[in-house]
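Enquirer: Below are the chains, spelled out letter by letter.
There are 2 protein chains.
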Amino acid sequence: MKVELVSVGTELLKGKINTDNAYLGEKLDSIGLAIDRETTVGDSREKIESVLHEVLSRSDIIITTGGLGPTFDDLTREVMAKVLKKKLAFDGEVMHQIAAHFAKRDLEMPKDNEKQAYIIEGAKVIPNKVGTAPGMVVERRTETASKSKVQKVSVIIMLPGPPREMKPMVEEVVLPYLKERYERKILKKCVLHISGLTESAVYEKIKEVVEIERRMEGGILRFSILAHLTKIDVEISGEGENELLVDEMLHKARQEIYDCLEDYIYGEDKDTLESVVGGLLLSKRLTLAVAESCTGGLIGDRITDVAGSSVYFKEGVVAYSNEAKKRVLGVKEETVNEFGAVSQESALEMARGVQRISGTDIGLATTGITGPTGGTAKKPVGLVYVALVWPKMGVELCREFRFNGKRKEIKESTAANALDILIRALKEKD
Amino acid sequence: MKVELVSVGTELLKGKINTDNAYLGEKLDSIGLAIDRETTVGDSREKIESVLHEVLSRSDIIITTGGLGPTFDDLTREVMAKVLKKKLAFDGEVMHQIAAHFAKRDLEMPKDNEKQAYIIEGAKVIPNKVGTAPGMVVERRTETASKSKVQKVSVIIMLPGPPREMKPMVEEVVLPYLKERYERKILKKCVLHISGLTESAVYEKIKEVVEIERRMEGGILRFSILAHLTKIDVEISGEGENELLVDEMLHKARQEIYDCLEDYIYGEDKDTLESVVGGLLLSKRLTLAVAESCTGGLIGDRITDVAGSSVYFKEGVVAYSNEAKKRVLGVKEETVNEFGAVSQESALEMARGVQRISGTDIGLATTGITGPTGGTAKKPVGLVYVALVWPKMGVELCREFRFNGKRKEIKESTAANALDILIRALKEKD
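Line order of the protein sequences matches chains F and L.
When we follow this note's numbering, the leftmost residue of the first sequence carries the number 1, and every step to the right adds one.
When we follow this note's numbering, the leftmost residue of the second sequence carries the number 1, and every step to the right adds one.
Just so you know, these hints were derived from the structure itself, not from any lab.
Please note that the accuracy of each hint is not assured.
Copies of the same chain look alike in the list, so a pair counts if it fits in one copy or across any two.
Under the rule of at most 30 Å between Cα atoms (straight-line distance), these lysine-lysine pairs were calculated in the DSBU-like manner [said to hold, decoys possible]: (1) Lys207 - Lys111; (2) Lys82 - Lys207; (3) Lys167 - Lys205; (4) Lys427 - Lys408; (5) Lys47 - Lys207; (6) Lys252 - Lys207.
None of the values given here were measured: they were computed from a predicted structure.
Pulled out of the complex, with its shape left as it was, chain F reads as follows (with noise of 0.2 Å):
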């Protein structure tokens, strides 16, 4: 079964990130279909006309994301037509859809969204809940060969891009479309999250378990090495006939990558650090209280991302200024004059600070130098301190890190080791 994508939008080549063929990728995954091709286009007749005759030539499974907006530079829609040889035929249905959208927000309907209401003939209509641009579905059916009458069918699917809109579309009917129809062979797969290696690192480690693929009684196995700014991902997936089976032979891979990392693996498949340190927070009945200088309020935010995180998160402070660090969390003057506001002296009383005024069992802080201007040759850009205090538990800590990397870079490596910090500290007192 081939799978393509195909996004539509001159912005795609001009600097937006694309987000949702990574989304899309991730759901046909989970029902295992696995993209052959991903390929994007600009907003140009000619072009997204090429392109939909190429893979429509040579793949089985079509979605396309953008390009069914009202103005004039959403093209899909009758691109598509004409490519398929069908009419657009007006849907009376679709149109008292969009007209709500508007009357609900007490907003008169700009005249040119009336083209989303053009439908492409024997078209299935998935129903936009979020905006006005519909889905659809269409079953192309054609000859394999002319004298064997044999028919193949095709299916295209037509997504507008906005994540917002395309991913309740996929959820509710794409997904339950394309499982029904294509169900086969079973596909799982688990992703190990690690921290603290470099992917090189990772992969002399695991070299012996691994191979690209490995084929055993049970089917196959296959394993893909990931390196992200911040962690390294061990993908391993598995893929036969009989469920029982594909689970065992994942489980053993698992356990033989546990075998050689076990240290630094701190989660798997949809865990990240923050919702790791909420499950260790919550079983332990824990709090937590977060200074943050260098990081500005990141490490706050990824922790508040998780739901529920209320129960376990009290406060933080963004103690940005020198003044704040001393007035807020009790920072000594003497330790700033002497050690200054980016050190280790300075990390260890913003997290005994926050842990006093706030009350909490755990007080975890961050300084250091994001740049670019700010660095000397004793204290460079880069230069990041953690520190975490847990008085219950005798715990106070602090680590110096050189960072590489721009502004935004250091922050984000300094919020990842700071939770990674803590993962370990709790695990550690289990």
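Keeping the supplied structure of chain F fixed, place chain L upon it in accordance with the hints.
Expert: Then chain L, alone, in the frame of chain F:
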């Protein structure tokens, strides 16, 4: 000049977001090279080979990212050599750089990294200052028609996938190289960032002015409208032979858009809400403190993404618990009891509190229900209050929002709107 990007990596087909293409799109656009098409393909010898054959047959500039790493699933180097019918040759200088990379970090070089010292015959090496995978530039001469003996030169540029390694190569080697080789028509653009309107409303307001292409004396003007979660962009690009005429044409078009949308444009080009906030605060010599509940630190994080923000951003309080709202910010017990922590009254007391304790000019506060639980019929998920106080100017205001979307989207929308409110207040009191 046909330009194509090819991204290699199974992870990109399974859920990893591709940011390399967005970066390259923006950079190439800035030197007047428009990307024709982007293709993403997995780590499979056959599939990479067939994509490379296709793109080489139809395009003049091909840039690949990914697949240059040391592990078994990094195949771009080998497959490209095969497709170009060239050998891979060991390069001692590159080997030396890779070895130095590990030596500098006091690490032993894994054996597998040796693979990265094999370079396509005749390629120019792009040194990797951050990691181990070198980039390559290959110029390939082919005869366009067998009789004419006219040589066509296509350029193949191979870059590593990790943005930290790829970006410096692009800045330092690839862009200067392409600029020198392909400098062509003057191409300039400007982007206007808009908040407070929907995409259709923006289009409605400017439709008399914009069209997909407008041919003028100075060249061609192009318009496009891009919808993001928290802003709409209007992009105007101008192409022509004469820089002065292109500038003039762009300037005029820009003014036309301003005439239609004045009140809603908060910035241009590289401006972000946080950079505009920073510019305004700096020029007015004002200071800011924020009290965040539902945004959890995101506003502080965004504000401190701007270099030099410590001049005007003094501190933030992430008052996630009601106890912190009362103790740190002085929100009254009665206020929380009578109106709730998510109310206009609490938001205003939070803003007043953080302004008072920090002694800054302005206090900004957020409180709301980000879900997925915690909503009620009267106070549903998505209900958010943003308050701003600026005592010297006698400003005290609070706005209510009802956002749709998931937790993260509600946080993002709240932060964007809080910054927008701050910008409007700063501009109004000019």
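Enquirer: Hint by hint, note whether the structure agrees.
Expert: How the hints compare with the structure:
1. Lys207 - Lys111: Between. Shortest inter-copy distance 11 Å satisfies the 30 Å Cα cut-off; intra-copy 61 Å does not.
2. Lys82 - Lys207: Answer is between; shortest inter-copy Cα gap is 26 Å, intra-copy 51 Å.
3. Lys167 - Lys205: between (38 Å within a copy, 29 Å between copies)
4. Lys427 - Lys408: Both, since 29 Å and 28 Å are each at most 30 Å.
5. Lys47 - Lys207: Between copies only: 25 Å across chains, 44 Å inside a chain, cut-off 30 Å.
6. Lys252 - Lys207: within (16 Å within a copy, 61 Å between copies)
Of the numbered hints given earlier, the model fails none.
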